[in-house]
Amino acid sequence: MFPILVVLTAIELGSGLVLDTFEGTLLQYPSLLVLVPVTIGMAGNLGSILAARFSTAFHLGLLSFAATDDRLAGNAIATVALAVTLFPLVGAGAWLLQTVIGGTALPLRTVVLVALVSGSLLAVLAIVVTTVTTYAAYRFELDPDDVVIPVVTNVCDVLGVVVLFGAVRVLV
Amino acid sequence: MTVREVALEAYRESLPVLALSAVGGLFAGVVLGGMDAELQDVAGLLVLVPALLATRGNVYGSLGARLGSALHQGLIDPRFSFDDDRINAAVAAALANGVLISGVAAVMAVALLALVGRPSAPLATLVAIALIAGFVSGLLLTIAVVSVVFVGYRRGLNPDTLAGPVVTTTGDVVGIATLLGATRLVLALGGG
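Protein sequence lines correspond, in order, to chains A and B.
Residues in the first sequence are numbered from 1 upward in steps of one, following this note's numbering.
Residues in the second sequence are numbered from 1 upward in steps of one, following this note's numbering.
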């Protein structure tokens with residue numbers, strides 16, 4: 001297990017480096033710092049839930065890799081819907097908690113908007129990454145349960161930081 | 001199943017787990033938001049955050065999966081004791097992996113920062129913080145995972161569906177809180 005951990009850690013350090021480059025902005029606006037773990041976590045979770053559902057459907061022979069596939073489309077729609085439901089609440093929660101504890105420098109709508117834009121983009125990216133990884137596992141005859149979830153979770157973690165960085169750059 | 005049915009089922013099944021982990025993530029964020037002084041004192045600490053959080057999930061999530069499989073196969077009993085070699089071995093392997101990879105992450109972070117020419121605290125400081133945080137969070141997460149999996153199993157719940165959400169919600173909070181504690185300890189002892 002240890003060699004896999006080293007590879008996954010190296011990938012995660014890449015996202016740490018992205019965080020480091022916008023540390024100044026994060027320290028200036030602590031409500032954005034509050035968003036960091038939850039954005040990383042939600043991105044990984046959206047990806048891993050989708051990956052688990054795809055893997056099960058694949059094992060049961062229910063999944064075909066066509067844009068018209070009902071199971072593919074339905075799960076993709078659910079992923080976007082989950083992100084659009086939860087991320088604004090996460091943004092509002094981050095703003096509220098930070099306001100109660102230390103006071104915020106950013107207005108509520110900016111934090112909610114950063115969370116919503118990051119979340120929607122991450123949902124789309126999670127769908128792409130999960131579909132591509134599951135398809136690759138299928139083509140290379142690997143068990144998707146072993147391969148897809150670790151790859152998708154860690155790639156989505158990294159994308160979580162990168163997308164948050166982009167959203168902060170554009171919106172704050 | 002139509003697209004609509006698939007989407008509704010996936011949405012309903014996933015929403016509670018995701019909402020729960022969002023709450024855990026927000027609390028972890030509050031702790032991280034309160035760490036601004038430490039993040040400024042120890043250059044490069046923020047680089048370690050995603051790696052250490054992911055490690056907690058990867059290592060202790062896998063411990064939960066192992067214990068769940070062993071329970072399903074009847075190889076272990078859901079009882080707390082230090083007599084069962086199989087449980088001891090699984091816990092020891094998880095702790096060893098968790099502590100060692102934390103130290104490796106710190107070494108790799110310092111090397112990476114040097115490579116791109118960004119400031120970093122001394123190697124010994126970051127390694128000490130990572131090892132202490134890795135050990136303490138490992139103990140806490142092991143207790144959380146073993147308790148939830150065993151108690152859940154005894155009450156007729158499937159440990160496979162319990163371990164994941166427990167690790168994702170507690171892992172972030174425990175991961176950041178122990179990182180803060182370890183940083184304060186190392187700074188107090190004169191590192192940094």
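Some hints here could point you the wrong way.
Short, incomplete list of chain A residues facing chain B, as computed with Cβ under 7 angstroms [what the hints assert, rightly or not]:
1. PRO3
2. VAL7
3. LEU8
4. GLY74
5. PRO88
6. ALA92
7. ARG109
8. VAL112
9. ASP146
Rather than coming from a laboratory, the hints here were simulated on the basis of the structure.
Idealized CB from N, CA, C, for every residue including glycine.
A quick look at each hint next to the structure:
Checking A:PRO3 against chain B by beta carbon gives a least distance of about 11 angstroms; that is not within 7 angstroms, so the hint is violated. Hint on A:VAL7 is violated. Least Cβ distance to chain B is approximately 11 angstroms, over the 7 angstroms limit. The beta carbon of A:LEU8 comes within 6 angstroms of a beta carbon in chain B, closer than 7 angstroms, and the hint placing it at the interface holds. For the restraint placing A:GLY74 at the interface with chain B, the shortest Cβ-Cβ distance is roughly 3 angstroms, inside the 7 angstroms limit, so the hint holds.
Here the hint on A:PRO88 is broken, as its CB sits about 11 angstroms from the closest CB of chain B, past 7 angstroms. The restraint placing A:ALA92 at the interface with chain B is violated, with a minimum CB-CB distance near 10 angstroms, outside the 7 angstroms limit. Here the hint on A:ARG109 is broken, as its CB sits about 18 angstroms from the closest CB of chain B, past 7 angstroms. With a cut of 7 angstroms, the hint placing A:VAL112 at the interface with chain B is violated, because the nearest CB-to-CB distance is about 14 angstroms.
A distance limit of 7 angstroms between C-beta atoms decides the matter here; for A:ASP146 the minimum to chain B is near 11 angstroms, and the interface restraint is violated.
In summary, the structure is inconsistent with hints 1, 2, 5, 6, 7, 8 and 9 from the numbered list given earlier, while agreeing with the others.
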